[in-house]
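Asker: Let chain A serve as the given structure and place chain B on it in line with the hints.
Listed below are the residues making up each chain.
Number of protein chains: 2
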Amino acid sequence: MIAKQPTVVIENLTPLVDGGRYPVKRVVGDDLIVEADIFKDGHDLISALLKWRKHGEVAWNETPLKPLLNDRWRGTCSLFENATYEYTIEAWGDSFRSWQEEFHKKYEGGVTPLESETLEGAALVRAAGARAALAADKKRLAEIADLIQAAEPSQVDAIAHWPELEALMAAWSDRSRSTEYVPYPLVNVDRERARFAAWYEFFPRSAEGHADRGSRFRDCLGRVEDAKAMGFDVVYFPPIHPIGESNRKGRNNAVKCEPGEPGVPYAIGNRNQGCPNGGGHKDVAPELGTLKDFDWLVGEIKKRGLEVALDFALNCSPDHPWVHDHPEWFFKRPDGTIKYAENPPKKYEDVYPLDYQNPQWRELWDELTGVILFWCEHNVRTFRVDNPHTKPVSFWEYLIAKVRAKYPDAIFLSEAFTRPKMMKALAKVGFTQSYTYFTWRSNKHELTEYFTELTQTEMTQYFRGNLFTNTPDILPYFLQQGGRPAFMIRAALAATLSPLYGIYSGFELCENAAVPGKEEYIDSEKYQFKGRNWNAPGNIKEYITGLNRIRHENRALQEYSNLRFFRAENENVLFYGKMTASRDNIILVVVNLDPWNRQESFIEVPVDAFGWMESDTYQVHDLLWDQRYLWHGSRNFVVLDPQTKPVHIFRVRRWMSREQDFDYYL
Amino acid sequence: MIAKQPTVVIENLTPLVDGGRYPVKRVVGDDLIVEADIFKDGHDLISALLKWRKHGEVAWNETPLKPLLNDRWRGTCSLFENATYEYTIEAWGDSFRSWQEEFHKKYEGGVTPLESETLEGAALVRAAGARAALAADKKRLAEIADLIQAAEPSQVDAIAHWPELEALMAAWSDRSRSTEYVPYPLVNVDRERARFAAWYEFFPRSAEGHADRGSRFRDCLGRVEDAKAMGFDVVYFPPIHPIGESNRKGRNNAVKCEPGEPGVPYAIGNRNQGCPNGGGHKDVAPELGTLKDFDWLVGEIKKRGLEVALDFALNCSPDHPWVHDHPEWFFKRPDGTIKYAENPPKKYEDVYPLDYQNPQWRELWDELTGVILFWCEHNVRTFRVDNPHTKPVSFWEYLIAKVRAKYPDAIFLSEAFTRPKMMKALAKVGFTQSYTYFTWRSNKHELTEYFTELTQTEMTQYFRGNLFTNTPDILPYFLQQGGRPAFMIRAALAATLSPLYGIYSGFELCENAAVPGKEEYIDSEKYQFKGRNWNAPGNIKEYITGLNRIRHENRALQEYSNLRFFRAENENVLFYGKMTASRDNIILVVVNLDPWNRQESFIEVPVDAFGWMESDTYQVHDLLWDQRYLWHGSRNFVVLDPQTKPVHIFRVRRWMSREQDFDYYL
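Residue numbers (the working numbering), protein chains in the order written: chain A, 4 to 669; chain B, 4 to 669.
Everything labelled a hint here was simulated from the structure, so no lab data went into it.
Careful, some of the hints might be misleading.
For identical chains, the list gives no copy identity; a pair is met inside one copy or between any two copies.
Unchecked claim - Calculated cross-link-like contacts (lysine to aspartate or glutamate; reagent style EDC-like; alpha-carbon spacing at most 20 Å):
#  : residue 1 : residue 2
1  : K335      : D47
2  : K342      : E449
3  : K335      : E345
4  : K349      : D160
5  : K285      : D587
6  : K349      : E123
7  : K349      : D412
8  : K405      : E60
9  : K349      : E104
10 : K109      : D338
11 : K259      : E461
12 : K342      : E120
13 : K424      : D389
14 : K69       : D177
This is chain A alone, in the form it adopts within the complex (with noise of 0.2 Å):
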């Protein structure tokens, strides 16, 4: 016979993405706590692994697992290279364990003779001497298999328990009856910026501010530099392929534009302006420099510690290349012509949709998936995409998990301004980052029951939410009202309350002018050149440069699901903090949510979970304001201005007297 029935009972695996049909996430250098409900029938004793490889490869790395309560074991294992991995469980009955077992309850109960149970033992032992790859085990089994053969039932009983003889017979353990969980689950293991990242972003053509004309590619030094003053981590960049004619729209989304207006950078695609791979999406817009420029401005940014992030938005102007030399690629009208994109009785007519269940849809998703892998090959690991829940779910599925086979470390930021379970899908199968809610959850209950959803729930294994403040779309009605603090209230929000978050340019400068009566900017640069002094009075550029300081400084911030939140009594007040594990570093924040008014509150310091007594002294040290408060046990009073300081970041160290009357901070 050679089927195999599964000897052991492995089930209730964690963690898993709905069942293991989608991989887990991890950055390097994480830990991956594996846990199952592992039993079987009968009396034997279980010996389980935990076991883990990189996908692809055949050899697995193995550690033990713990039993805990009630038939639940767990292990651990990190992970170390930007890869996908597999993990699994391997469980089998020991019979060596549950022989010792037995053969010692046997002899504690007085059962004689032993002789029978004393020849299994030596059988097992000399079985494990056999299967060893070792010789010097080989050896040693084989000694000790005699030792035990020619012992006294309380001889039997010492040597079974000799650690050697456990050690050797763990190593060389009989498996032929184990049991492995499958399908293997996938682990995919992404880069530190993956999950630590902030980032700032900018229209090319807008780098120098000038009013009447663009800027290119050589002159976005300026703006670099400043976002690396700033402490950003990533600049990312709106569309910077050529710009479609036809259609195009004017300052402030007008249907027709005037001359020399320099159009909409998502109206993808000129056919018309000689660029060398046919002025599509794999072009630079020509009034931006050159593919060369654009590899040299890439080089730039690399060198100054910062990377770009491109735009992926798959919006086709009717003189994009594939219109004319795909036209299956699209939908079509009765007459045969090609279909604008619609949200009746809004009409794009800058615009073309792309079919993506087209009967030649695979030649499309290949020719999509080719897009980023040629912008990798121009040294861009990094993509925001543009509406993808517009796309099909399994299509972002195709081109990621493609795009990851080369370019692990490619990152994917999901602009999925949509509904929560479409949120969430995008995520689970491949997007490393995701737009959220929180452009809109301004009040404390809504911040509370948001971000615990994302940081304290299963969402926390496959979703990562990259908080914006603004962007070229939305100017949020809070900014709009509130003036400089709410700014300044935003962006520690965003900073602090997710190791990703980003702003949209201007944002800085507290611009806050927007089209009466919606969220959106009045004379967008999407739809023009805009006039700017980036150093305007009034701007908060030395506030952020401490945000991103303190990110940089506190591991606590750079983690993502050990956010909790904490009790402030004033409904204006949000306290919240972050821990490593360890403790070694704690991050409390108190944020007044009024951009209007003082705020005072009574606060619950959660000293218990700092493992301190409510009796112990700490030092609170506000990392903003670079000021240090005494606090004493659970309850403390703070206030806070929203004209000088809205938000305390602390650092929270514990305050040690000892008997040679020397403090310091532990």
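Answerer: Just chain B now, with coordinates in the frame of chain A:
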């Protein structure tokens, strides 16, 4: 391109057991309510169907799913046959309904011209006509397509919403790009007795109650009649097979038996008695009669509307024919002899355990499966399985699947008195019912907690608890100490907390003589002949008859997951109820858990759950003692005397008063 990628996301399907790994359980006539998250990219409207069929059939039954909130959808089907079903969801972007909505929005929005849109609609209707398999539909769709093509926008908008057209388009919808949930989950639909049955266990050899000799199958009718009179549905026999002679146990589990002692029916197998099938699991003990006698008894029981359950105990006495014919199926000592069962330091020399993982495991597994099939051929369909947790879980999955394929009406009751996860695993792999911890749960807190888990969690999808008050192995302390009132209390709890319950004979006589300090019967009939007067004074047969009558007359007590606990102020009073989904049968149960003292309590009747108001008056009719009370609102008072009426089982009906001064009960 032939390969197809999913166009719709279908996830978080319910019901599923372990993500679909195991079947869900239902009984004939049940509804299956299926829910899932269903969504797709873009603005297309989705249509979705619930599909189901008997496993192995080709054609699906279909019914539309309806959207709830937040991308959740629901559909319901009814399962009418005792068979294994499979089900799935099929969903697709519905091009007609999307067009219908889009056209309406454009028309309402004043968009002109709408010629192209009109042609699109006509084309969609025409294409449906081409798909239609009914000539009349084909013709009508072609006509409507022509109508649309020639119509003004206002007419098109009207025709698009004709119910006739909507029905035709739904019937011949374009499902070429639809997505199905895979793999298809399974539903085991059992016959009614799988979920609603009262079991009565007796040893055939004890049927007449002689102290000096055993009864035979032909002597069992009296006991069967008595079980029928008490209202039981199933009579369950401990093993009826030949009993081993080697190392036969004597009275009270004595290591040596005296000549003439009958032996333990669980030490199965005696190849020295000339039985027709070798003297093992496919024979009956000669002292009980012949297989023909057994067949006669099964027939008589069936005639009376009851059925037989046999014990499937996989213990082999040293005299079992398998020991002789298949020594390779057993565990061996180093000297080659067969090992007897042990639980060190205890020894069970009269029983040899089987080695389910022996190299010839498949032959063993098939032989054991054959035992069940043999008794199915002898018109037995219900099997109580002894200690299933000492055999591999995968073995039970194998055996039960093979048996159900031929006999879908087979019922397996798992005697899994073991750890909770093993108990659940056995239910998942196919056991129809399971023993529970009820036998040891006697206070209010533990009963409430345990039965909330059994009936209000995911367990209801696969686990059906059969509540035994006692067994030949277990005489709980509560029964030992509480006298006749304790028996009445436990019988009422068992009969009303679950639609499945059982008693081991002698319970109705309030037998409670125990081995001192143990939960075991003294002078147990497992080891000896037992003299009994089946109508001994003080018996509670009439009371049990009442319980079973109430169960048969009230559908609420025949359902499993409708149990709800309500508040009683006195900690010794347990208050719970069950009602049908339509609320036409409402049962409230109040139990005094103290067998020694009278207890009084205020109780809170959940009038709001019944759809009534606090001001409503209603009648509670105690079905056990045939007493009626008029109650008002939620707060009411009960007095329970353990010596007379330790339990109320109320049927509740609303008291309606009308101006005609005519009272009736709704």
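Asker: Each hint: holds or not?
Answerer: Hint check:
| no. | hint | result |
| --- | --- | --- |
| 1 | K335 with D47 | between (68 Å within a copy, 16 Å between copies) |
| 2 | K342 with E449 | neither (40 Å within a copy, 66 Å between copies) |
| 3 | K335 with E345 | within (13 Å within a copy, 78 Å between copies) |
| 4 | K349 with D160 | between (84 Å within a copy, 18 Å between copies) |
| 5 | K285 with D587 | neither (47 Å within a copy, 69 Å between copies) |
| 6 | K349 with E123 | between (82 Å within a copy, 18 Å between copies) |
| 7 | K349 with D412 | neither (39 Å within a copy, 60 Å between copies) |
| 8 | K405 with E60 | within (18 Å within a copy, 38 Å between copies) |
| 9 | K349 with E104 | between (76 Å within a copy, 14 Å between copies) |
| 10 | K109 with D338 | between (90 Å within a copy, 19 Å between copies) |
| 11 | K259 with E461 | neither (48 Å within a copy, 60 Å between copies) |
| 12 | K342 with E120 | between (82 Å within a copy, 11 Å between copies) |
| 13 | K424 with D389 | within (18 Å within a copy, 46 Å between copies) |
| 14 | K69 with D177 | within (18 Å within a copy, 54 Å between copies) |
The structure is inconsistent with the numbered hints 2, 5, 7, 11, although it conforms to all the rest.
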